[in-house]
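Go ahead and model the full structure; you've got the sequences and the hints to work with.
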Amino acid sequence: MEDRQIVEAVLKGDTRRYADIVERYQQHVANLTYKLCGNRLDVEEVTQQVFVELYMALPRFRFDSKLSSFIYRITVNTVCKMMNKAKRFISADAMENLPEQRSEDLNAQQRIIRDEQLQQLRTAIGHLNDEQRTALVLYTFEDFSYQQIADVMQCSLSKVESLIFRAKKNLAKEVKQ
Numbered sequence: 000m001e002d003r004q005i006v007e008a009v010l011k012g013d014t015r016r017y018a019d020i021v022e023r024y025q026q027h028v029a030n031l032t033y034k035l036c037g038n039r040l041d042v043e044e045v046t047q048q049v050f051v052e053l054y055m056a057l058p059r060f061r062f063d064s065k066l067s068s069f070i071y072r073i074t075v076n077t078v079c080k081m082m083n084k085a086k087r088f089i090s091a092d093a094m095e096n097l098p099e100q101r102s103e104d105l106n107a108q109q110r111i112i113r114d115e116q117l118q119q120l121r122t123a124i125g126h127l128n129d130e131q132r133t134a135l136v137l138y139t140f141e142d143f144s145y146q147q148i149a150d151v152m153q154c155s156l157s158k159v160e161s162l163i164f165r166a167k168k169n170l171a172k173e174v175k176q
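As numbered in numbering that gives the first Met the number 0, residues 0 to 176 make up the sequence shown, in order.
Just so you know, not all the hints are guaranteed correct.
Stated by the list, open to error - Below 20 Å or equal to it, Euclidean Cα-Cα: the simulated EDC-like pairs (lysine to aspartate or glutamate) are:
no. : residue 1 : residue 2
1   : Lys65     : Asp114
2   : Lys158    : Asp114
3   : Lys80     : Glu52
4   : Lys80     : Asp129
5   : Lys65     : Glu22
6   : Lys65     : Glu52
7   : Lys172    : Asp129
8   : Lys65     : Asp19
9   : Lys80     : Asp41
10  : Lys175    : Glu141
11  : Lys80     : Glu44
12  : Lys158    : Asp129
13  : Lys175    : Glu115
14  : Lys80     : Glu43
15  : Lys158    : Glu141
16  : Lys172    : Glu115
17  : Lys65     : Asp129
18  : Lys65     : Glu7
19  : Lys158    : Glu130
20  : Lys11     : Glu1
21  : Lys167    : Glu130
22  : Lys167    : Asp129
23  : Lys80     : Glu130
24  : Lys65     : Glu1
What the hints assert, rightly or not - Now the in silico label distances, taken between C-beta atoms and shown as ranges:
no. : residue 1 : residue 2 : range
25  : Ser64     : Glu160    : 14 to 22 Å
26  : Glu1      : Glu44     : 28 to 36 Å
27  : Lys11     : Val51     : 14 to 22 Å
28  : Asp13     : Cys154    : 30 to 38 Å
29  : Ala18     : Ser64     : 18 to 26 Å
30  : Asn76     : Glu7      : 18 to 26 Å
Since the hints were made in silico from the structure, they are not lab data. Just so you know, even glycine gets a beta-carbon here, dropped at the ideal spot from N, CA and C.
Following this line, the structure appears as structure tokens:
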């Protein structure tokens, strides 16, 4: 069943269909949440909160964008609200899914160097501001286009370009230190 059909069924009162949305997008929301906030305990809480907020927001959804973009927007907003409220920072292991070379292709010294570089990069990503980190994570780790990021973040395409450019520049500065 297509997203549109499911949403329309839910809006007409077939609330059992909402489980289809949750099932379809729960892992995506959890993965994005983990990449943004890094705290495993927060992932479950944020994921649950996203689907509560999505349920309440469904009547406002007009299919101007994909349902997935709408869900990602709610996820990003929820993560930012929770992080600001608790004044938490991204943990160093939040980006554990960074692309890596296969370990069997590296000798011990190369693995140590690679692991140190990855740790430095994870820490640097954690120091980015919320907007830069969100744009960079969506672009780099979720393979979103600039337009999809603009839709999720509810900003202009030029702002997304600027956020990603500044995020990369800030990462390069910090990694060089």
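message = Check the hint pairing Lys167 with Glu130 against an upper bound of 20 Å on the C-alpha distance.
response = With Cα atoms ~13 Å apart, Lys167 and Glu130 stay inside 20 Å; holds.
request  = Starting from Lys167, check that the Cα of Asp129 is at most 20 Å away, please.
outcome  = holds (14 Å)
query = Is Lys65 within 20 Å of Asp19, Cα to Cα?
reply = holds (16 Å)
ask   = Is it true that the CA of Lys80 sits at most 20 Å from the CA of Asp41?
value = holds (12 Å)
20 Å Cα cutoff - pair Lys80, Glu52 = holds (13 Å)
request  = Assess, step by step, whether the Cα of Lys172 is no farther than 20 Å from the Cα of Glu115, and give holds or violated.
outcome  = Satisfied, since the Cα-Cα distance of roughly 16 Å is no more than 20 Å.
ask   = Hey, Lys65 versus Glu22, does the alpha-carbon distance stay inside 20 Å?
value = holds (17 Å)
message = Lys158 and Asp114 were given as a pair; does the straight-line alpha-carbon distance stay at or below 20 Å?
response = violated (32 Å)
ask   = Range hint 14 to 22 Å: satisfied by the CB atoms of Lys11 and Val51?
value = holds (20 Å)
inquiry  = Does the beta carbon distance between Asp13 and Cys154 stay inside 30 to 38 Å, or does it fall outside?
reply    = holds (34 Å)
request  = Quickly compare the C-alpha distance for Lys11 and Glu1 to 20 Å and report which way the hint goes.
outcome  = Answer holds: Lys11 to Glu1 is near 16 Å, not above 20 Å.
ask   = Under the criterion that the straight-line Cα-Cα distance not exceed 20 Å, is the pair Lys80, Asp129 satisfied?
value = Status holds; Cα separation ~10 Å.
The structure does not agree with the numbered hints 1, 2, 10 and 17 stated previously, though it agrees with the rest.
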